[in-house]
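Listed below are the residues making up each chain.
Protein chains: 2
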Amino acid sequence: MSSARARRLTHTDLDKVSLQAALEALADPVRRSIVRQLAASPDWARACGMFDLGVTKATISHHFSVLRNAGLIEQRDEGQRRLNRLRSEEFERRFPGLLRLVVEDNRTGKPTSGDEPGE
Amino acid sequence: MSSARARRLTHTDLDKVSLQAALEALADPVRRSIVRQLAASPDWARACGMFDLGVTKATISHHFSVLRNAGLIEQRDEGQRRLNRLRSEEFERRFPGLLRLVVEDNRTGKPTSGDEPGE
DNA sequence: TGACATGTTCGATGGCGATCATACACTATT
DNA sequence: AATAGTGTATGATCGCCATCGAACATGTCA
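Here the protein sequences line up with chains B and R, keeping their order.
To convert, note that position 40 of the first sequence is 39 in numbering that gives the first Met the number 0; the numbers rise steadily by one, no gaps.
To convert, note that position 104 of the second sequence is 103 in numbering that gives the first Met the number 0; the numbers rise steadily by one, no gaps.
Hints are computed from structural coordinates only; laboratory data are not their basis.
Every residue gets a Cβ at the ideal spot worked out from N, C-alpha and C, and that includes glycine.
Please note that a few of the clues may not be correct.
Unchecked claim - Some chain R residues close to chain B (C-beta under 7 Å, calculated; not the full set):
1) S17
2) L22
3) L25
4) V54
5) A57
6) R92
7) F94
8) E103
Claimed, not checked - Simulated pairs of lysine to aspartate or glutamate, EDC-like, Cα-Cα distance not exceeding 20 Å:
9) K15(B) <-> E89(B)
10) K15(B) <-> D104(R)
11) K15(R) <-> E89(B)
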């Protein structure tokens, strides 16, 4: 008796996730921010709207979809909210070490300087 | 007495490479193919032209530049050729586990024909 | 029922990056 | 010097993706 909403939630088998998809998912700074914030919270503690990101809810929804398809998160509906958890163990088994790099990364954005061509 | 050509070769301090830059560099299938082929060869064994990629030399040159700026490869001029090596240890220290994921990945992401020579 | 809250879907837009062809630069050889 | 080999720089094109606003769907509560 899943709700009509939850029925649309399909989660990915990690064995079917390509390295390409994983890297593309994590190459976006907004998505890495989501992953880091999830890693800092207990499972199912945060709904999609409760993230500190600088984009609209439409964009947020898009990013969550990408993360879900890449096997990085699991989602569950609870009332009006869609709760999230990081699929840490499963993702770690499929891509050892990768999640740790993202979670422990302190520098958020682009590099500071100096790698421009020319010079 | 470096040549005029080699003088333009600037290599990156791995501490200055952001995770963002590393992931962006490795998110491209052509660049991952270069990395894999480099990992399968001894250091300095392969010049830029000696890679089995489906793109023109201008594009190849661009990809090598990206890999160099991301701290993934080191380049050295030898006569007319520009030889390459993978900065395995340094990159591993900076991003533990990441290079291994790329090197040991069998699926190429795009099911094109055999993009890797040998196996 | 209506009002509100939370997310998704849709269509459009803007920017960035991968790619190419061409021209250029450097090296080695003759 | 002339030529051939190798890689880079430049300018243009094209496609994709992050982003947005608006409309829609779903769920809760008065």
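Please write out, lowest number first, the hints stated earlier that are contradicted by the structure.
-> Violated hints (numbers, rising): 4, 5, 6, 8, 11; every other hint is consistent with the structure.
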